[in-house]
Amino acid sequence: MTAFLPLVLHALAYGSILALAAQGEVIAERAGVINLGVEGLMALGAVMAVLAADASLSPWLGCLAALITGSAGALVLGLATVNGSANQTLCGVALTFLGLGLSAVLGHAVAGLPVSAIFGSWSVPGLSRLPGIGPVFIQSPFVYLAFIILPITCHCLLFRTRLGLSLRAVGENPAAADAVGIPVRRYRLWAVVTGGALAGLAGADMTLSVMPVWSEGMIAGRGWIAVALVIFCGYRPVFAAASALLFGLVMSLSFFGQAQGWPIAPAVLNMTPYLGTIMFMILPALVLPGMRRLMAAPAALGIPYFREER
Amino acid sequence: MSRRTRLAVVPARRIMIGRALALCAVAVVLAIVLVLLGLPLGMVCGLVLKSTFGTVFGLENLALYMTPLLMTGAAVWLALRAGLWNIGAEGQFLAGATAAAAVGLFAPLPAPVALPVAMLASLVAGGAWSAVPAAGRAWLGVSEIITTLLLNFIATYLVYYLVTGPWADHVTDAQVSSQRMMLALPSVYSVVHWGGPVALALVVALGALLKRSRFGYELSLCGSNPDSARYAGIRVAPRLFTALVASGALAGLGGMMEVLGTVHRLQGGLAHGYGYLGIVVALLARQSAYALIPAAFLMAVILNTGIVLQTLQVSASSVLAITGLLVFAVAVSDELAAYVRLETKS
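As given, the protein sequences belong to chains H and U, one line each in that order. Residues in the first sequence are numbered consecutively from 148, following the numbering used here. Residues in the second sequence are numbered consecutively from 605, following the numbering used here.
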């Protein structure tokens with residue numbers, strides 16, 4: 148058990164990044180907007196968190212900067228795709244390019260330097276003193292947010308409130324939602340912005356907690372994996388957090404394997420998260436075709452809504 | 605009274621005007637950013653123009669950039685005709701380059717034999733690299749956007765592994781690189797190799813294939829309306845599969861041209877973002893394969909601009925940001941171009 152403890156701790160830390168981004172994307176996609184700019188928003192969030200934390204010496208302000216950056220980026224995307232009904236795939240990919248490029252330019256000066264203010268670990272009173280598994284309960288605030296607070300909040304919001312019902316209606320059948328008086332575009336815009344804020348936060352999680360240094364290319368496809376997770380988890384926030392943990396585990400395997408000197412080339416270990424994601428996208432569709440209805444995407448996902456075409 | 609309405613089919617002229625405005629908007633934003641960075645605008649513009657069009661070196665560079673851009677652009681464009689997003693041209697490009705490099709490094713064949721073999725190997729490798737996403741999309745409905753993209757990372761790690769491990773250069777001390785290969789594409793003029801003309805010919809052939817052949821017609825039908833294609837008795841899934849695999853093969857061939865024509869070594873940063881820029885080229889070209897040529901030219905100019913900016917201490921990734929901005933502006937302008945003012949008699 149103790150041998151695998153580092154693995155679990157790693158999985159929680161790395162999983163929290165994916166969990167934040169994936170749950171944000173669940174909200175956006177439930178409202179019918181697919182945000183493929185997560186990767187770019189994460190990069191922007193990560194670099195802005197570093198810049199703000201360095202300037203203010205407060206990780207909280209770093210976090211706030213990442214939140215604002217993520218929301219602002221997503222707002223641009225939302226205005227273009229929801230209000231302007233531009234192509235969501237294209238705009239998302241464009242946002243990824245823009246985010247990755249801009250973050251590299253902005254972070255040029257701080258690349259490779261340690262971040263001056265980062266989040267420490269918070270321990271759960273009592274539980275953290277348990278023999279053996281105690282360290283599992285000493286985590287950065289992001290981990291608690293990603294795996295406890297956010298799944299519960301998102302789940303209740305989406306499936307237990309009128310707001311959530313309206314949000315899902317907008318993603319399933321915007322014409323019907325419009326007919327009962329739900330402002331379709333406003334809901335979609337806010338869903339995208341919320342998702343973007345969480346993507347920015349996921350970036351802050353990376354640079355202010357998990358690996359406290361900015362370097363170009365550090366997001367390394369995690370945003371895309373988060374988008375893939377949303378499909379894998381069937382657009383459910385709780386499952387999203389759970390599958391993020393699973394992928395955190397897959398990611399930490401590569402570190403763990405290298406540290407333990409497994410006889411596998413590091414390059415191969417580095418590939419495992421990506422291979423794993425592809426496998427997890429294809430296998431369920433192959434083995435459990437009956438699951439497809441249960442895990443289906445919102446019916447209007449990716450389709451702009453025109454009132455005139457109702 | 606006047607109100608706006610959205611056209612189902614947008615006239616090309618409206619699109620072009622919209623895009624010209626989008627391009628201007630991007631240029632203005634870029635200018636503002638440069639001024640904010642404290643760079644003298646006139647000097648930068650002059651430098652870009654001079655180093656791109658004013659020197660033989662710049663023109664050669666343009667030709668060398670255009671070749672892979674044409675190939676990846678054609679790859680993304682072909683998939684797009686079938687309604688598929690191939691975001692993985694970067695990985696397929698690397699796969700093709702790796703296969704070609706394997707032939708160049710290890711096959712003791714005379715060039716006239718080795719070049720076709722390398723070409724074939726790169727086509728197969730590129731196609732194989734997109735086969736899994738293609739099958740997943742065609743028969744299981746798994747989003748090809750994400751699967752093709754994730755394979756880029758795997759290709760990058762694969763190349764990195766090869767050129768730092770088994771294929772590493774032990775002769776000179778080049779880092780993250782294989783040995784320099786003897787096998788090379790013949791040159792047209794100084795460093796400009798035959799890949800360029802071949803790419804141009806391929807693009808023209810691709811345009812003819814899609815426009816004139818039954819396969820092309822069926823493919824476009826599957827892309828624009830899969831339901832009606834099915835209704836017309838076309839089996840959609842195999843066509844989607846073929847389109848994405850062929851798309852991968854084209855990108856792979858681009859990789860072969862790059863590695864055997866331009867770089868002559870398998871290297872870490874070989875793909876240089878060509879796969880992603882191919883998306884932009886394909887987007888700019890819209891329905892016409894021939895329009896890939898000016899689109900690739902524009903992107904080559906932007907890449908060259910990036911080099912100039914890099915000499916001015918702006919991060920090399922600024923090209924990526926400019927590209928993102930351009931795609932965004934074009935996507936929005938294409939949509940806005942569809943809206944016309946409707947004059948109604950009161």
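Since the hints were made in silico from the structure, they are not lab data. Computed from a predicted model, the values in this text were never measured in an experiment. Hints are not guaranteed to be accurate.
Partial chain U-side listing against chain H, Cβ under 8 Å, derived [what the hints assert, rightly or not]:
id : residue
1  : Ile750
2  : Thr751
3  : Ile758
4  : Ile883
Ideal Cβ placement from N, Cα and C applies to all residues, glycine included.
Checked hints:
no. : hint   : in the structure
1   : Ile750 : holds, 5 Å
2   : Thr751 : holds, 5 Å
3   : Ile758 : holds, 5 Å
4   : Ile883 : holds, 6 Å
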